[in-house]
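Each chain, written out:
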Amino acid sequence: MMSMKTSKTAVVQHVLTMEEWNVRQIHELLTRANEFADMKRERTTLPLYAANLFFEPSTRTKLSFEAAEQNLGLGILHFDAATSSVKKGESLYDTVRTLESIGADVVVIRHEQERYFDELRDFINIPIINGGDGCGHHPTQSFLDLMTIQQEFGRFAGVKVVIAGDIRHSRVARSNVEVLERLGAKVYVSGPKEWMDEAMSSRFIPMDEAVEVADVMMMLRIQHERHTVQLIAGPNDYHEAYGLTVERTQRMKDKSIIMHPAPINRGVEIADELVEGSRSRIFKQMTNGVYVRMAVLDHVLRQAKGGDWK
Amino acid sequence: MMSMKTSKTAVVQHVLTMEEWNVRQIHELLTRANEFADMKRERTTLPLYAANLFFEPSTRTKLSFEAAEQNLGLGILHFDAATSSVKKGESLYDTVRTLESIGADVVVIRHEQERYFDELRDFINIPIINGGDGCGHHPTQSFLDLMTIQQEFGRFAGVKVVIAGDIRHSRVARSNVEVLERLGAKVYVSGPKEWMDEAMSSRFIPMDEAVEVADVMMMLRIQHERHTVQLIAGPNDYHEAYGLTVERTQRMKDKSIIMHPAPINRGVEIADELVEGSRSRIFKQMTNGVYVRMAVLDHVLRQAKGGDWK
Amino acid sequence: MMSMKTSKTAVVQHVLTMEEWNVRQIHELLTRANEFADMKRERTTLPLYAANLFFEPSTRTKLSFEAAEQNLGLGILHFDAATSSVKKGESLYDTVRTLESIGADVVVIRHEQERYFDELRDFINIPIINGGDGCGHHPTQSFLDLMTIQQEFGRFAGVKVVIAGDIRHSRVARSNVEVLERLGAKVYVSGPKEWMDEAMSSRFIPMDEAVEVADVMMMLRIQHERHTVQLIAGPNDYHEAYGLTVERTQRMKDKSIIMHPAPINRGVEIADELVEGSRSRIFKQMTNGVYVRMAVLDHVLRQAKGGDWK
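Residue numbers (our numbering), protein chains in the order written: chain R, 1 to 310; chain Y, 1 to 310; chain S, 1 to 310.
Any given hint might turn out to be false.
[To be verified] Derived lysine-lysine pairs resembling DSS-like cross-links, with alpha carbons at most 27 Å apart:
{"hint": "1", "chain 1": "S", "residue 1": "LYS310", "chain 2": "R", "residue 2": "LYS310"}
{"hint": "2", "chain 1": "R", "residue 1": "LYS284", "chain 2": "S", "residue 2": "LYS305"}
{"hint": "3", "chain 1": "R", "residue 1": "LYS305", "chain 2": "Y", "residue 2": "LYS284"}
[As the list claims (entries may be wrong)] Chain R stretches covered by chain S per the calculated footprint, using a threshold of three residues with CB under 8 Å from any CB of chain S:
{"hint": "4", "segment": "65-75"}
{"hint": "5", "segment": "256-262"}
{"hint": "6", "segment": "286-292"}
Hints in this document: simulated from the structure, not taken from any laboratory. These figures come from a predicted structure and were not determined experimentally. Glycine residues also receive a C-beta, built at the ideal position from the N, C-alpha and C atoms.
Just chain R, same shape as in the assembly (with noise of 0.2 Å):
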């Protein structure tokens, strides 16, 4: 049953999808988050409030944002999905308009169900941040690879990225390929055949081909727990096929780095002991995840408070 809903009084800004930022866009963003990460933080005295509406499991995704809406000094309302009215049948509209009701000034959400915030955007007055939207978007994922990039390589023009793993699955694969791409990065896409997308096939690269060409080897998650991978061998099978083989990484080029949005397999998409090893930058990748989420609350704060909203 579709609802009937009040349009929004004003231009809210929402946080939904990359596809949405242009090119000037992301760049002021990753800039502000290169910001924080210098100063690190600088709290609000103004008594605003973050939501943060998590539907999925997260602990990376979740715990990121409350350190970032705690380091710009906003107070937080937690909302647990398993103990609330949404077992009594509410709506994800009629909860997101409570919030805003209550007091919250921006609302972070992850939910299962693929662009939820359809049917919310047009409505909701508070800036709506996508924390993951099933296999769809996740731009703050997005975002927290860019900047590990360009923290790296000072530019995307010409960094040689390759995307490894289940492409066809993953929106969020797809998005990065598409706004790599915009910025200049040269992607290509590897893993099994099965998990391949036509439009994706001209970007195709072996494992092995693909471990001498990057600058980046962006390794993807098997998501157990969202498709079966019955069409592919056991993880030790896996590994050999189309993991990051300590062999493997041997033949990468001095500088490359290697990339993962974690939780990790360890041993079945990269081998366990590259994960701390001095190519990765996994963990950096969560610690830029903080201050490129700071990035983006400070960026809707402005759009709705002002420019100088703290």
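Following the hints, complete the assembly by docking chains Y and S onto the known chain R.
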């Protein structure tokens, strides 16, 4: 098993039921809530803590208290009933005494057992605020209803309020009847005959008349999770027979308003398009909920800590 | 599968077991806890974060740490094991490294696996405080027990402590025996013979003698959830045979006290009316728990950040 407890050492004022508040006290509380609405926040610099014990799902009430507590500058001790020692069989009394010992200055409790507070009130040395006891009392919900009516009409005397829905199983409804009449309002009840109370029969009015008489249509939520509604036909039939339909609202008086405690079953007790219509004060009620909870917290902390507690 | 990890870069002091604390260090910690008890709070203005990882139900310990952390002005990163990526199979090590990357300055962990910390201690660069490892260690519980005894008697030398209950399955009990004897106390154990330890047999004393000898009756909780107590008869029989009955306490010495780590099975290991009687220090223990946790946090942050960390 009854437990032996130590009587509390001083007079502590709890907020448990509306029956315990006289007319003067109610007006004072509403005045304070309106002051908070105007200036919104006034934070203590003292290290004071509120512990929130929610044994039942609740979005609105829990988040509303958390917002109110943070608005006042209180620290929060988050008690998650699902992962607590209550699982090890600890009594509610021992749990609350524990929170008191750990440093809570006030405790908010929502519990499925009606009058759970009777075994606590004479023994706990910090103020207890009842956040709802089963089908029993919910004083902060009553206060926010009163605040919303007073904002609209500037008075209670002579205001005609129709409470519509499951009167029999809602002590909150019956509690609202009692307090509204004490404050001078004229109260009617409406809904299916099976859901009416013997004692309420003199106040009964059919829905089609109700909409023409009411200044306030106070709709109750059909609580699917609390009792079966097999007596009643399907949701559409219920809506036609007893719900607030678009057609019925067209016969409402010019300045009449619609209220609902939420969460809402859109299309059952109230038509979807009315929820955010011009007559609706439903989301306003939620905003007022934060202010009355600030006023209630302020009230009990004044009693416990002295008038200048902040 | 063992994971490859990077050794930590600096000497980080964790708080994992009492065995690692010498007598001088213990006294220093207790002195600091008593200072916190006197002035109660001293908040940092730095943006520092404590991450709390609780994989097991716990009211007291979790809330006590949260109160201690807020008293010191630390921000809190709430890690909810039930909704975390641990569900996606992430290792404890990777989870803690994630929290470190996100900005946690100290991490408190409670985990059902005994000595879970052995796989972390040499690799994690922020202090780990053990909030309990299965039936293993629980150093902050030991510290609060020691603080409570010291407050009462001003010393440990010669104080006669009877620990009564399931000694065999409680490493915390055995750990308390060890540390109390190191501090000069005379320790006895009591309870059902089936629950005694070979190594403890020289310390055994029957309950009826125990109450006459003890300065401190330290009752253990019957942990229904950890092991079956089928060996033992019903709760009433247990109470009569091995519990602290009202009759038995009448034979206790004038200044003797009763302790219990809680949650309490009223009427089983201790008579209901004794829980809040004049000899009981049970709720005092909980209050002290906040102070020792403040002292432990202060201790590790001094090591990690320098003596003037605030």
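Here is how each hint holds up against the structure:
Taking the CA atoms of LYS310/S and LYS310/R, the gap is about 24 Å. The hint holds against a cut of 27 Å. Proposed proximity of LYS284/R and LYS305/S is supported: the alpha carbons are some 21 Å apart, at most 27 Å. In summary, the hint linking LYS305/R to LYS284/Y is supported, as the alpha carbons are separated by about 21 Å, within the 27 Å threshold. Given as covered by chain S, the segment 65-75 of chain R passes the check, having 4 residues with a CB less than 8 Å from a CB of that chain where 3 are the minimum.
Coverage of the segment 256-262 of chain R by chain S is violated. Counting CB-CB distances below 8 Å, 1 residues qualify, and the rule asks for three or more. Residue count for the segment 286-292 of chain R with a Cβ under 8 Å from a Cβ of chain S: 4. That meets the three needed, and the coverage hint holds.
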